[in-house]
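All chains, please: the whole structure from these sequences, using the hints.
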Amino acid sequence: MGDASDRRLDRSQLLKGVLDLATLSVLAEEDGYGYDVVRRLRVHGLTDVAEASVYGTLRRLFSMGVLTSYVVPSEEGPHRKYYGISPTGHEWLREQKSQWIEFRDVINTISETNNKGDK
Amino acid sequence: MSDHSDHIKEAATFAENVRRELRSFPADVVADLTDGLESDIASSLADGASLSAPESYAHDLLRGAGLEPMSISEKSESLLMQTFAKVEPLWSKVRDLTEGLAPAWWVFRAWIATQILGAMINEVDSSYGIIGQWGEMPIGAAIVFVLFAVLSIRVGKASSSKWKMATTVSHLVFIALTFMILSNETYPSFERYWETHDGNPANFSNNTCVKTQVPDVTKASAMTAEAVLSQQSLGFVYLDQTTMRRVDRVSTSTEILAQSIRMGTEICMGQEVELFIDDSFTSVPGATSLVPDGQTDADGEMSSTTIPVKSPITTVPKATTTTRP
Chain A
130 MGDASDRRLD RSQLLKGVLD LATLSVLAEE DGYGYDVVRR LRVHGLTDVA EASVYGTLRR
190 LFSMGVLTSY VVPSEEGPHR KYYGISPTGH EWLREQKSQW IEFRDVINTI SETNNKGDK
Chain B
32 MSDHSDHIKE AATFAENVRR ELRSFPADVV ADLTDGLESD IASSLADGAS LSAPESYAHD
92 LLRGAGLEPM SISEKSESLL MQTFAKVEPL WSKVRDLTEG LAPAWWVFRA WIATQILGAM
152 INEVDSSYGI IGQWGEMPIG AAIVFVLFAV LSIRVGKASS SKWKMATTVS HLVFIALTFM
212 ILSNETYPSF ERYWETHDGN PANFSNNTCV KTQVPDVTKA SAMTAEAVLS QQSLGFVYLD
272 QTTMRRVDRV STSTEILAQS IRMGTEICMG QEVELFIDDS FTSVPGATSL VPDGQTDADG
332 EMSSTTIPVK SPITTVPKAT TTTRP
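Residue numbers (the numbering used here), protein chains in the order written: chain A, 130 to 248; chain B, 32 to 356.
The hints are simulated quantities; they were obtained by calculation from the structure and are not laboratory data.
There could be a bad hint or two in this list.
Claimed, not checked - Okay, the calculated beta carbon distance ranges per label pair: (1) Ala62/B x Lys226/A: 26 to 34 Å; (2) Ala62/B x Gly194/A: 15 to 23 Å; (3) Asn237/A x Glu119/B: 53 to 61 Å; (4) Pro57/B x Asn237/A: 38 to 46 Å; (5) Leu121/B x Val172/A: 51 to 59 Å.
Heads up, the beta-carbon is just placed ideally off N, CA and C, and yes, glycines get one too.
Encoded structure:
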């Protein structure tokens, strides 16, 4: 039969596929440093996102030219590395959003069909 | 304020541990992945978050960056590759340099071969090692050297595996022969030492000698002086104190006025001591010499004043014998 945890969707796997989109989305609002992005994702509901995964994603997106980066020195501690979305990143974001909406609609349609069958 | 500094310290330590977990990756990748990590971790700690293990943190970082964490074997392989990548440029430089010096090496090994051959066919002079073994045959050495040089250059330029094998074998033979010749000449064995010197300390070369102290023979008669000196295995020669000429025939009672080497001086057995006499008073009828090998004539004069050394070690008054290898 399996317990309740087996019956849940694997959020980490779901998140893995959409973390780029989520990260780009929060940075489209405003530039931010690594933990700032994590905090905003959590505020939006992705409470179980792993910090290090976000930091790795930021580095990868930067190396792909989707993000820009700059360093802000700190008087009280180590410097902060800020990220912002590049023009290429905006194009990426548009494409990924449309893909996500398309994918979400497909899943909704499938799950709705299944709901009708249940009735 | 103290919490903030504590968070910064803790974040720095944790970031360092994460970097250590990533050490199998190239340094620039690690630097890129962890740049600014301290401030992010410190902010997380300030928010009350607890940190996971550095290993799982590093894995999350890698996966987020699209890199797969390495297995232990992959890490080892990566470390090997990194080491090779560091050493390879240096090795290439050395190889380029040695390739440039190859012609010089070909000539040099021909010279070595010439010297080895010289050492094998000529009488070996130990003071020169394997060098200079053709001292009395410079033309022969030149001919042999030219022949060897031609052969060496031809072998050096050849690229076939057969010649390469021949080169390797000849190098090994060179090394073996050089070692044998050098070890034979530089460190003569004990057996060879005695074989060369007939076991007689009196015949020792300058390198080794048995020391003895010079006795005092001044004021003594020639007969006594000869006896004492021969017992100490020392030779002697008479000189006229006025003319400083050698005196071959001396009466046994002639008084020794002085000696060239002072009493108590340590010298090698077999060395000669010059004995000064007044040649105008040497004729003493009836005197005889105690030296067995010396021949006396009817006038009691010795026919030879240089006495061959007899027994190597004897004890006489005022003289001691020490041995130095």
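field: Numbers of unmet hints, in rising order
entry: When the structure is compared with the hints, none of them turns out to be violated.
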